[in-house]
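For the record, the sequence lines run as chains A and B. The opening residue of the first sequence carries number 0 in numbering that gives the first Met the number 0; numbering runs sequentially from there. The opening residue of the second sequence carries number 0 in numbering that gives the first Met the number 0; numbering runs sequentially from there.
For the record, the hints were derived by calculation from the structure and aren't laboratory data. Keep in mind that this is a model prediction, so the values were computed, not measured. Don't take each hint at face value.
Some chain A residues near chain B, calculated using beta-carbon distances under 7 Å [as the list claims (entries may be wrong)]: (1) M73; (2) P77; (3) M78; (4) R81; (5) L85; (6) P88; (7) E92; (8) F124; (9) K130; (10) D132; (11) V169; (12) N173; (13) Y174.
Cut-off 25 Å, straight-line C-alpha distance, at most; resulting in silico cross-link-like pairs (SDA-like, lysine to any residue) [claimed, not checked]: (14) B:K62 / A:M78; (15) B:K239 / A:T127; (16) B:K229 / A:R201; (17) A:K52 / A:T127; (18) A:K147 / B:A288; (19) A:K140 / B:P163; (20) B:K117 / A:K52; (21) B:K117 / A:R81; (22) B:K307 / A:T127.
Over 10 Å on every C-beta distance to chain B, these chain A residues come out as not near it, computed from the model [as the list claims (entries may be wrong)]: (23) E3; (24) K27; (25) V74; (26) K79; (27) S86; (28) A91; (29) T97; (30) L120; (31) S128; (32) V129; (33) S198.
Virtual Cβ for every residue (Gly too), placed ideally from N, Cα, C.
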Amino acid sequence: MSSEVIEGVQATRMELLALKIRRNLAQKGHDLLREKMDALIMHFFEILEDFDKVRKSVQEGLQEAFLALTEAKMVLGPMKIREIALSAPHIAEVSVQTKSIMGVRVPLLRFLSGEKEEEKLFYSFVDTSVKLDEAIERFRKAMDQIVKLAEVQGALIRLAREISETRRRVNALNYIMIPRLVTTINYIQLQLSEQERQSFTRLKKIKAKLEKKGKKLGEEEIELTPEISMVTELVPKKEKE
Amino acid sequence: MPSSFSYLISHGYTLSKIAVRKAKLLSPWDLRSLAEMRSLGELVSFLDITPYREELLKIEADKLSANSIESALSQHFFSSVLQIMKVSTGIVRDFLDQFLTKFEAETLKAVIRGFLSKIDPEEVLSSVIPVGIFTQEVLSRITSATSFEEFLEVIKINARKYYPSLREVYKKGLLEASEIVEWETAIDYFVFPILWEYVQKLGKSERERVSILVGSEIDAQNIVTIFRCKSLGIDLKDIKRYLIPIYYNVSESLLEEVILSESLDDAFQFLLKIRDYVPYIEAFRGGYAESGSFFALEHNLKRMVLEKSIEQFKLSPLHLGMIAGYYNLVYFEIRNLRAIALGIEAGLPSDRIRELLILPPSLSP
């Protein structure tokens, strides 16, 4: 824990006031960031739960899709499937948008393919099979899930990065900034009270000297210079305090 | 129909060859037990005592895979048709020539697909098997074309019968890979009517028996296409253009009613009007609720074609129907062996493999 006094700080009342304002601001910032971090962690775990579900559905979807592909190969023959696959249109069209979670921009992905009719049919019905339609459909669904997984994973990565960043800031405020401000404030307060004590003692001494001098002169009237007047005013006040 | 005697004189040799080959086909029980095998090596060892031996022996041990087995089986199929064509004459030869058109069309589709998708010609050539007029040399010439004009020119010279249909699609400017379906549909629109027309020109008895096979295959194709289109969400008005314009047991109006039917039940009601197909439609109807897939319908209708092919051998053997039936049986056998090989390679349980085999009803799972 670092609690060094801020370098180059002047032990003045103005500085003390400014530091107190900074400390309050840092405390508020710390509280806000702490809340933000808690909210981000909450979202992170919500999305993490989704991630597990989506990952499981991707695994199942791909298993089903590959099984359907094997069956399509069994019905039509691997050569026919290969030939159709080689000429299949490029289907990986994904729309990318973003949404904000606690100020963090996370990706919002959508698999667009298969929505246009011409993309659905790239082989004739003669010499092909229902199994082929089913395999393609399953792969499209699996692709949809893969894109969803990418979206969730992207959100998790960004949230994790933001949580780590926020935690760093919270820790910096909590363990460095605020203690340093507090230490500096304490230091200035100490310095100021020390200065006050010193000046009080000095004034007391001056007063005592003046009084001594006054006794020596007897009834002689002492001319009250402005300094002497101030000391006589201040000393009794400080004594009361 | 010519008299049985003259028929025997003209085609006796071919028909007896077919009868012998039919006897060598694997039994459905063999196919069921092959699905139990756990390695491709075991499968190939079993096939070593079948007519596929010669082609399978060409596969190098370290290159044994479902793909290489499929390729060997397909080569066997086409060389078997060519062997019979060589020893046959007249109507049998003509029929086999027409029969091969279906497979030529598949090869042509693969080549066009590769051309539209700008796939490397070597890659295209490695994934097609030369058949009929599409010999290795012709395929090399077609795939090495650098422009559509050149491509069509090569087709015009080497496969003239397909040229007019392809030129029509070309004129429409459908030159993107995504428009392949238009090219394929154009080829189907050409091939099936030609085959049907040929069958209709046969003598009465031959026509009836070959029509059963070709007609029911086309009907099955059209019925399945309608359901596939519906499940893919294709516009009702567009469905008809994907159908083969041949109507055997299922009339055009009935197909339209099926297309326009609002529910699956309504569609079934229409299809149940075709007495011949009732058992297959009913069998599918029962399983659809559970599976939610139209595959069972496709599977059942293919099984129907298999059964009709088997039936050809129960009738008079001196018939073109027997040849057509035999080649359908070989086609299904190869399809089943391919499914078994892939199933074994993928490590699927035998029950799952058997579900995809096209076997007579008594042996279907």
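Quick rundown of the hints versus the structure:
1. Residue-level restraint check for A:M73 holds (minimum Cβ-Cβ distance to chain B is 4 Å; threshold 7 Å).
2. The criterion of a C-beta within 7 Å of any C-beta in chain B is met by A:P77, whose closest approach is roughly 5 Å, and the hint holds.
3. With a least beta-carbon distance of about 5 Å to chain B, the hint placing A:M78 at the interface is held under the 7 Å criterion.
4. The beta carbon of A:R81 is positioned within 7 Å of a beta carbon in chain B (closest approach about 6 Å), and the interface hint is therefore held.
5. Evaluation of the A:L85 hint against chain B yields a held restraint, the C-beta minimum of about 5 Å falling below 7 Å.
6. Hint on A:P88 holds. Least Cβ distance to chain B is approximately 5 Å, under the 7 Å limit.
7. Interface restraint check for A:E92: the shortest CB-CB distance to chain B comes to about 13 Å, outside 7 Å, so the restraint is violated.
8. With 7 Å as the threshold, the beta carbon of A:F124 comes within range of chain B, its nearest partner Cβ sitting at about 4 Å, so the hint holds.
9. This hint holds: A:K130 has a C-beta 6 Å from the nearest C-beta of chain B, less than the 7 Å allowed.
10. Taken as an interface hint, A:D132 checks out: its beta carbon lies about 6 Å from the nearest beta carbon of chain B, inside 7 Å.
11. Interface hint status for A:V169: violated, as the beta-carbon distance to the closest one in chain B is roughly 53 Å, over 7 Å.
12. With a least beta-carbon distance of about 57 Å to chain B, the hint placing A:N173 at the interface is violated under the 7 Å criterion.
13. The interface hint given for A:Y174 is violated, since its Cβ lies 58 Å from the closest Cβ of chain B, which is over the 7 Å cut-off.
14. Pair hint B:K62 plus A:M78 holds up; C-alpha atoms about 16 Å apart against a cutoff of 25 Å.
15. Restraint check for B:K239 and A:T127: satisfied, since their Cα atoms lie roughly 17 Å apart, inside the 25 Å limit.
16. Restraint check: the Cα-Cα separation between B:K229 and A:R201 comes to about 104 Å, which exceeds 25 Å; the hinted pair is violated.
17. This hinted pair does not check out: A:K52 and A:T127 have alpha carbons roughly 34 Å apart, beyond 25 Å.
18. About 30 Å separates the Cα atoms of A:K147 and B:A288, which puts this hinted pair outside 25 Å; it is violated.
19. In summary, the hint linking A:K140 to B:P163 is not supported, as the alpha carbons are separated by about 40 Å, beyond the 25 Å threshold.
20. Our distance criterion of 25 Å between C-alpha atoms is broken by B:K117 and A:K52, whose separation comes to about 40 Å.
21. A hinted pair counts as satisfied when its Cα atoms are at most 25 Å apart, and B:K117 with A:R81 qualifies at roughly 15 Å.
22. As the CA atoms of B:K307 and A:T127 are separated by approximately 21 Å, the hinted pair is consistent with the 25 Å bound.
23. With a least beta-carbon separation of about 68 Å from chain B, A:E3 lies farther than 10 Å from that chain, consistent with its non-interface assignment.
24. No Cβ of chain B approaches the Cβ of A:K27 within 10 Å, the least distance being about 57 Å, so the stated non-interface status holds.
25. The beta carbon of A:V74 is not kept farther than 10 Å from every beta carbon of chain B, the shortest such distance being approximately 6 Å.
26. A cut-off of 10 Å between C-beta atoms contradicts the statement that A:K79 is not in contact with chain B; the least separation is 8 Å.
27. Its beta-carbon lying about 4 Å from the closest one in chain B, A:S86 breaks the requirement of being farther than 10 Å from that chain.
28. No Cβ of chain B approaches the Cβ of A:A91 within 10 Å, the least distance being about 15 Å, so the stated non-interface status holds.
29. The non-interface label for A:T97 is consistent with chain B: the shortest C-beta to C-beta separation is roughly 31 Å, beyond 10 Å.
30. At roughly 5 Å, the least C-beta separation between A:L120 and chain B is not larger than 10 Å, which violates its mark as non-interface.
31. Separation of A:S128 from chain B is inadequate, the least Cβ-Cβ distance of about 6 Å not exceeding the 10 Å criterion.
32. Not every beta carbon of chain B lies more than 10 Å from that of A:V129, the smallest distance being close to 4 Å; the non-interface claim is violated.
33. Distance check on A:S198: its Cβ is at least 92 Å (rounded) from any Cβ of chain B, clearing the 10 Å threshold; non-interface status holds.
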